[in-house]
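**Q** The residues making up each chain are set out below.
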Amino acid sequence: MKKKAFSSVMTLALAGGLILGGCSSSTGSSGDEKASSGDKTVVKMMHLWPEGSSNAQYTIVDDIINAYEKEHPDVDIQTEILGNEQYKEKIKVLSASNELPDVGITWAAGYMKPFVDGKMFAPLDDIAKEDNFVAGTLDAFSVDEKPYAVPLELNITPVYYNKEIFEKYNLEAPKTYDEFLNVVETLADNKVTPITLGNKDRWTGSMWYMYLADRIGGPEALNNAINRSGSFEDPALVQAAEEIEKLVKMNAFVKGYNGLSNDEAKGYFMNEQAAMYMMATWELPNYTTTPDVSQEFKDKVGYFKFPTYEGGKGDIDSYVGGPGVGLFVSEQSKVKDEAKEFVSYLVEEWGKRSVVDAGVIPATVVDTSNGELHPMYIDILNDLGNATNLTLYADVQMSASVADVHLNQIQALFGGQTTPEKFAKTQEEALAAEK
Amino acid sequence: MKNVMSNKYVIALYTLPALLLILTLIYIPIALSGYYGLMDWDGIGEMTFIGLDNYITLVQDKMFWTSTYHSFLLAIFSTASLLLYLVISLVLASKIKGSDLLRKIYLIPMLLSSVAIAQLWMKIFDPTNGMANKLLEMFGVENTPIWLADPEIALYAIFIPIIWQFAGFYILIYYAALKNVPDEIIEAAKIDGASSFQIAYKIKLPLISGIFKVTIMLAVVGSLKYFDLIYVMTGGGPNGASEVMASYMYKEAFKLNNFGYGSAIGFGLLVIALFMTWLISKLTKSKDDVQF
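Residue numbers (the working numbering), protein chains in the order written: chain A, 57 to 491; chain B, 556 to 847.
Calculated from the structure, these hints are not laboratory results.
Model, not experiment: these values are computed from the prediction.
Please note that a few of the clues may not be correct.
Unchecked claim - Result set (SDA-like, lysine to any residue): computed pairs, CA atoms no more than 20 Å apart in a straight line: (1) A:169 to B:598; (2) A:311 to B:693; (3) A:224 to A:327; (4) A:361 to A:305; (5) A:148 to B:598; (6) B:810 to A:453; (7) B:810 to A:327; (8) B:734 to B:782; (9) B:678 to A:323; (10) A:305 to B:693; (11) B:810 to A:318; (12) B:810 to A:460; (13) A:144 to B:809; (14) A:144 to B:683; (15) A:247 to B:695; (16) B:810 to A:257; (17) A:219 to A:305; (18) B:837 to B:771.
Based on the sequences and whatever the hints tell you, model everything.
**A** The following block contains the structure:
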């Protein structure tokens, strides 16, 4: 009997652990000296830039909070900081129990929608002004034309490459897809890993697919398939899948990419074991400002835009990307006005500091004329200014369950477990079933 | 004193705190998760009652049965590896040189957290720079496997660290049980001319058979609900190739916002685990457990 009780305890530990696990993740709080808040108004904030792993962002937020508290002596901002994954889990648990922090961080579109539908986020139309932000970024955080969060970051996705490796094999940054294939082939023939890719995370592979879809079918092809005015079985989308198959057969990607996380894959690039790495501009600090990375390596890194495809409809200034995270104010918050005021302050200050201090591209409009910006930033910011289109990451556009089908199909496509036709068909069925 | 302890009210009073704890922390959550299984709920908004829909979907869900199959594979592997642990403990318990040191070495994995073990083995399995493939290359293997990225072998690759992880635990249990076998019996057997193999097979093993049953139960139920290494190392991928029941439940509930369905999976897992517990205790029931 004891055994049975014991085993059911063990079984249940799982179910219980699932729910409790979210609450017990490590928490840190900034500024211990603020413990005595007296009769100040307390605004609770949760963010996802721990001091250790996202130092640049952490410092900016911390500075802004300190400045804000100085200007508003009656307000006390209390922060709770979690890593990315724990953050996502905890926020769900908190919202299930109606205990969201006054200010927190959310992702755009599909991720945000359940929260808005559940009336968890306060509409921010009174503080978010369209013209302060790069066109389109606020839209990603809007439901029915009303913004429910204000964007902090904006990302486009270039291909970073190791100039030294390219020089060694007499290669140049490719402008057309044929040149790109040539680069891949040359590197593969010389036993250099052409591209590192951490496709265990799946959205990484999705970006490669999205670019090919964009260059072949133009920006509408994929978007239309997702918003149901088109189909995923569009020939251009199938052709993009065929190109992925081809790249896989050419050994374009690092060995075992389907089992590597993005961080592991990044290691290959940082250790100069792979020549190319496609990742959004949130990686820029590693190649420009981060003190942990050697200058020698930083100097070797260049970037190029995803090449154009011969006969394709997309042009080179069209990007995969989109706003990263944004700030929300909880609808349930008892200090909503203070929270909103703080959010608008934070966004504005963030815009001023993030490029210079952190090397993060803000969603607010940036003035590049002053300050000593790293040349790579200026280039990227200029590219951004000339962008003809920004396609939001596919998995963010879709609902969670359809995104899961998409991401699984991406992994299967990269792993050679499906055909381009089946790849398109499965996603078309999932998208069609949704509506 | 005897009177007090046999007083029914006293018994009730004394068991009450523990009972309350178990009820609120264990049985009520079980009931709740069964109840959530009846809901369509994204974990954030309103719950909608949908009756048995989730459970009906569950029974027809191919992925659920695939993950159940994977969990059972793990259970079979873990149970089989009990034999290995037993052999090691038999060797360690017979007074060989350095058995003390060896015992400690086997115990070390137990001291590491699962996440650390996962990180460690992910490095070992790294297809280009990992130790596993470097070793294979040394022996002249050219097409080294891609381990966690290959759907054919990812699941089995994860079994290796799991079996390694629990070695210390089971060896410790067996070792303690073997040490409890009275020396006199073994001496007597030796005098009667039994070989050490005979002593192990005919005396030691029967004497610890009760422990063996417990460990089978632990291994099977533990495997069915196993989660952490798999979650960290592959997240159930690539493409569900290493998905087990618990990781599937987690994914549905937390990644896909299907809390209702996730709860239904959790309940299914509970039912399966309870059934297996019952089955094992039936199968291993023997009338004469040895007493000494």
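**Q** All the hints need checking, so say for each whether the structure fits it.
**A** Outcome of the hint check:
1. A:169 to B:598: OK: residue 169 of chain A and residue 598 of chain B at ~13 Å, within 20 Å.
2. A:311 to B:693: Cα-Cα ~18 Å, so holds.
3. A:224 to A:327: 16 Å, holds
4. A:361 to A:305: The given pair, whose Cα atoms are some 23 Å apart, is violated under the 20 Å limit.
5. A:148 to B:598: 7 Å, holds
6. B:810 to A:453: 15 Å, holds
7. B:810 to A:327: 32 Å, violated
8. B:734 to B:782: 33 Å, violated
9. B:678 to A:323: 12 Å, holds
10. A:305 to B:693: 26 Å, violated
11. B:810 to A:318: It holds: about 18 Å lies between the C-alpha atoms, which stays within 20 Å.
12. B:810 to A:460: The hint holds at about 9 Å.
13. A:144 to B:809: 9 Å, holds
14. A:144 to B:683: Roughly 32 Å between the alpha carbons, so the hint for residue 144 of chain A and residue 683 of chain B is violated.
15. A:247 to B:695: 18 Å, holds
16. B:810 to A:257: 13 Å, holds
17. A:219 to A:305: 25 Å, violated
18. B:837 to B:771: OK: residue 837 of chain B and residue 771 of chain B at ~13 Å, within 20 Å.
Violated hints, listed in ascending order, are 4, 7, 8, 10, 14, 17; each of the other numbered hints is respected by the structure.
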